[in-house]
Every structure is written in C-alpha cells, then in structure tokens.
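Each chain, letter by letter, is given below.
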Amino acid sequence: MKQTVIPIGPQHPVLPEPLVLDLVLEDEKVVDAIPMIGYVHRGLEALVERVEYTEMGYVIERICGICSFMHGMGYCLALEDIMAVDVPERARWLRLVWAELSRVQSHLLWLGLGADAFGFENLFMQAWRMREEILDIFEQTTGGRIIHSVNRIGGVRRDIDDSELAAIADRLERLGAAFEQPARVFRTDPSIRHRLEGVGVLSEKDARALGAVGPMARASGVAIDTRLLGEHLYDRLEIEPIIETGGDCLARVVVRVREVQQSIGLVRQLVERMPKGDGQPIDTKVRGLPSGETFIRLEQPRGEVVYCVRANGTKFLERFRARTPTFANIPAMIHMVKGCDLADVPNIVLTIDPCISCTER
Amino acid sequence: MDGAAFLDRVGAYARYGWRLVVINATSLLPADGTEGGAFDITWSFALGKQFEHLRERVLPGDEVPSISAHYPSSFLYENELRELFGIAVTGIAVDLGGQLYRTAERVPFAPGAIRARLEAAGRLEPGTKQP
Chain H
1 MKQTVIPIGP
11 QHPVLPEPLV
21 LDLVLEDEKV
31 VDAIPMIGYV
41 HRGLEALVER
51 VEYTEMGYVI
61 ERICGICSFM
71 HGMGYCLALE
81 DIMAVDVPER
91 ARWLRLVWAE
101 LSRVQSHLLW
111 LGLGADAFGF
121 ENLFMQAWRM
131 REEILDIFEQ
141 TTGGRIIHSV
151 NRIGGVRRDI
161 DDSELAAIAD
171 RLERLGAAFE
181 QPARVFRTDP
191 SIRHRLEGVG
201 VLSEKDARAL
211 GAVGPMARAS
221 GVAIDTRLLG
231 EHLYDRLEIE
241 PIIETGGDCL
251 ARVVVRVREV
261 QQSIGLVRQL
271 VERMPKGDGQ
281 PIDTKVRGLP
291 SGETFIRLEQ
301 PRGEVVYCVR
311 ANGTKFLERF
321 RARTPTFANI
331 PAMIHMVKGC
341 DLADVPNIVL
351 TIDPCISCTE
361 R
Chain F
1 MDGAAFLDRV
11 GAYARYGWRL
21 VVINATSLLP
31 ADGTEGGAFD
41 ITWSFALGKQ
51 FEHLRERVLP
61 GDEVPSISAH
71 YPSSFLYENE
81 LRELFGIAVT
91 GIAVDLGGQL
101 YRTAERVPFA
111 PGAIRARLEA
121 AGRLEPGTKQ
131 P
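Each protein sequence line maps, in turn, to chains H and F. Position 48 (the first sequence) corresponds to 48 in our numbering; numbering is contiguous. Position 13 (the second sequence) corresponds to 13 in our numbering; numbering is contiguous.
Simulated from the structure, these hints should not be mistaken for lab results. No residue lacks a Cβ here, since even glycine has one placed at the ideal position from N, Cα and C. Among the clues, some could well be false.
Pairwise CB distance ranges, derived in the manner of DEER restraints [unchecked claim]: (1) H/166 to F/69: 34 to 44 angstroms; (2) F/52 to H/194: 38 to 48 angstroms; (3) H/5 to F/93: 48 to 58 angstroms; (4) H/5 to F/117: 28 to 38 angstroms; (5) F/99 to H/65: 39 to 49 angstroms; (6) H/158 to F/50: 49 to 59 angstroms; (7) F/91 to H/346: 46 to 56 angstroms; (8) H/145 to F/69: 40 to 50 angstroms; (9) F/55 to H/233: 22 to 32 angstroms; (10) F/121 to H/194: 31 to 41 angstroms.
The following block holds chain H by itself, in its conformation from the complex:
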C-alpha cells in the first residue's frame, strides 16, 4: 500500500508545545512515527561551561515554566550531595510542600489542556481556574507564580510560617472538595469515555520494556514512582502509587485526576508532620568548590527526572544533564501511535503530557 508522510507539529492546534512527529500512514492508519526534538533546543546544558555553579540554578529552573520548582530542587539536591551539605530539616520539608503543589498545578494545567483537546471547553476553564489558586499560593509563599527561585544550594530562601502553612492546607482542602465535580466528569462523562477509552493502549509489558515513567507507566499498571524510594523525606509520608490498569488515554487522565487529590492530601500530611516552630534555620552557608559526581532522581508531575551532575573542583561544572520524563516517554508514545487512526494521534500525544521545554533543554 502506498505510504504517506504527514508532519505533525511543531505548530498544531492541539499541541501546547512544538513537538515534531513525522507520521507514516497507510490509508488512515499510522504505521510509523519519527520524532524530532530540536525545534526549540536551547543548549542549556552547555551553559555550565560559562555559568558558575552558584548561578546555574537560575538557568536550570528556566528549563521549563511548569516544572521550574522541581528542576531547581533537583539541581540543588545534586550539588548538596556532591558537596556533602547538611540541609536544615525545615528547608527539606518546605521543598516537599512546594514540590507537591507543583504536581497539583501541573496536573490541573494538563487536565485543562486535555479537556480543550476533547472539545470540553467548560472543563478546561474549571481546571485552569483551580490551577490559578495554586499559582496564588506560590506567589504568596515564594514571590513568583512560575519562576520561584526559592531553592538555593544549602536550603531555601523563604520560610512559610506555621499559621500560613495551616491556612494553605485548609485552602487546598476546599480546592480538593471543589475539584470533586470536575474529577467526576473526567472519570465518567460518556463523551470523554467515548473519545478516550481503548485509544492509545500501552500494555504493562510494553510500558516496562519501553521505559515509560510517571503517570504514563502507572496508567498501564506499573507501580513506579520515585517518591516510593523514600528519599528526600518521602519516607515520612504515607504514600501509595496511583495505579490504573487500562493503559489507554482514559486511564492516563484518571491517574492524573487521582494524583491531584493525592497531592492535596500529601500537603496536609506535610503540614501536620513538619516540626513546628517559626524561626528555624532554612539554609546552610555553602563554601568551597564542588568536586565529584552524582545522579539525583525525583518524581516530577510527568514522572521520574534524573539529574546527572559532574564537578571537577572548579566553579564551573563539567557536566549537567537532565533526563526528563517526557524524553523517557517518547519511545512508548511512538509505540502507541503505531496502528492507531490519524484522528487519534493528537489525543494520544497529549495524554503523555509532553513537555517539550523540558525535553529540549
């Protein structure tokens, strides 16, 4: 049969970011997909040659506007590991509060984009209106809605006092209650189910073989979540991975819906279990130059991110590399679009929650 190549992206109505896929079609069926991820490649990793390690954190958190807090956190964790910095406990707890807030805002952002792609604009507006509340909390606690610059090597720049933390937990609880209604629509609405159920199926076996991470893997029944490793104080929380077994677009939506509610509960746990008392130290003075190498793993909203950092005793790092979750999920995404109808490609691509800014560091 004659094959046709249709390029999707970098600009496409359903793509929030400029992913490029060359789709090879036989009639309306996709038989192959060739990814290209260089459209907005910025070469941020190469900036370690010119930007001192103390300043590089500002660059790293600008890899992406949605994952900015956790990029900054991962970079600081890596340098703290190499330099054997003892980070004050208060700072470590505060980082987790912001990390889980990041997950809530990222998932709400994606759920809005997803709803828009399904043609459900009211749901899009509901999700984004709720996300604004999280951005308000970020602005209130860090000074920034998107770029926070609250992490520093050795701790954090700002404290959140105990009464403010309790107010944030209460506000999130109200948000979680209000989210119940759109959550129910995402899970049960017949038109959404009709559009997503059984589309873009990734089996558990394929998810494992293709190295899928994050909600994408968990929607295929793979219980992989870096938070379960118990690092960075996650061992102090009660946390269960959110698992669905459908492996289709709907399962990926439902995992994210449930994770919004899970992260709201985790912030409550953090606020309740954090050692109380205002005025505790939130950072440690860091001196000297880093020498050594480390690999730090974190669970970003889209899945496991890995920071590979190598320092050679100068003020410039020898290597910084961020392996982002979208990069890890591309092989599985290509696998899913093979054999599907052309009309389903946008939804399949969207349900991996692609972050091209992260992928094109």
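Take the given structure of chain H and dock chain F to it, following the hints.
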C-alpha cells in the same frame, strides 16, 4: 571497549528485570592541553531502590554497541550520543539518521567544539590545560 563483554553485562541487567534509567555521556578534554579528548559514557539501571551504573571511557572514533536488543527504549539515548557527542554507536534499532536534534552547532559536545567554546569564552587559552 570490549563490546561483547559489555553487552553480556547489560543483558544480565535486562534478564533480572532492571530498567534502563538513563544513558549519559561527558566529554573530557585532555589534561595536557593537547588536541583530542575522550568520553565517559554511563549506562544507569534501576531495580526498586537499587541504582547501578556501568561506565566506559571511549575515544572519538571508537565504536560503542547499541543496547537496544536488550532495552528497546535505548534508541533515543543512542541517537542523542551520536548527534550531540559524535560517538559512533553501532546497531541502533531505530536509527534516526541525524534527524533527532536540529542544533545550530553540529556535534555540540564533541571535545573540539567544547574547547572552541571555552577558548571563545576566555576560559581556556589555546594549547593550555583543561580548566
């Protein structure tokens, strides 16, 4: 590098259910300031809380075997090694033919390219040691 022995070690990780987490390369400039260089390539694997790495040091032009027979998802990392570092990875299951990245600078992490950028930034005088 001994490709067969390396693939045996990777195959053992795959057989025991370890997942491939990342393949990362670092360009190394010669410490004596001469031309050339090398690469440290690290293959990282995880199983539950265990996290292990295989590392090989290769020279420009050395052939590095693809591990895509054991880990199908490795093709993306291996195409990246070839395009960004100029490392000769052989036998990649999905060879994207240099179309993965569209960088303004060809092979931006080749030692020669790094040396040129460092010299341009004033961090490295021509012919001097690695900073």
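Exercise. If you check the beta carbons of residue 5 of chain H and residue 117 of chain F, does the distance land in 28 to 38 angstroms?
Worked result: Roughly 36 angstroms apart at Cβ, these two residues keep to the hinted range, so it holds.
Problem set entry | Pairwise beta carbon distance, residue 121 of chain F to residue 194 of chain H, judged against the given window 31 to 41 angstroms | For residue 121 of chain F and residue 194 of chain H the Cβ distance comes to about 56 angstroms; the hint is violated.
Exercise. Okay, residue 158 of chain H versus residue 50 of chain F on CB: inside 49 to 59 angstroms?
Worked result: Check failed, 36 angstroms falls outside 49 to 59 angstroms.
Exercise. Okay, residue 5 of chain H versus residue 93 of chain F on CB: inside 48 to 58 angstroms?
Worked result: Roughly 20 angstroms apart at Cβ, these two residues miss the hinted range, so it is violated.
For this session: May I ask you to test the hint 38 to 48 angstroms on the CB atoms belonging to residue 52 of chain F and residue 194 of chain H?
Result: holds (45 angstroms)
For this session: With 46 to 56 angstroms as the target window, see if residue 91 of chain F and residue 346 of chain H comply at their CB atoms.
Result: Violated, at about 33 angstroms.
Exercise. Given a hinted range of 39 to 49 angstroms, is it respected by the beta-carbon distance of residue 99 of chain F and residue 65 of chain H?
Worked result: violated (27 angstroms)
Exercise. Are residue 145 of chain H and residue 69 of chain F spaced within 40 to 50 angstroms by their CB atoms?
Worked result: holds (47 angstroms)
For this session: Evaluate the given range 22 to 32 angstroms for the C-beta pair formed by residue 55 of chain F and residue 233 of chain H.
Result: holds (30 angstroms)
For this session: Look at the Cβ atoms of residue 166 of chain H and residue 69 of chain F and judge whether their distance stays inside 34 to 44 angstroms.
Result: violated (55 angstroms)
Taken one by one, the earlier hints fail for this structure at numbers 1, 3, 5, 6, 7, 10, listed in ascending order.
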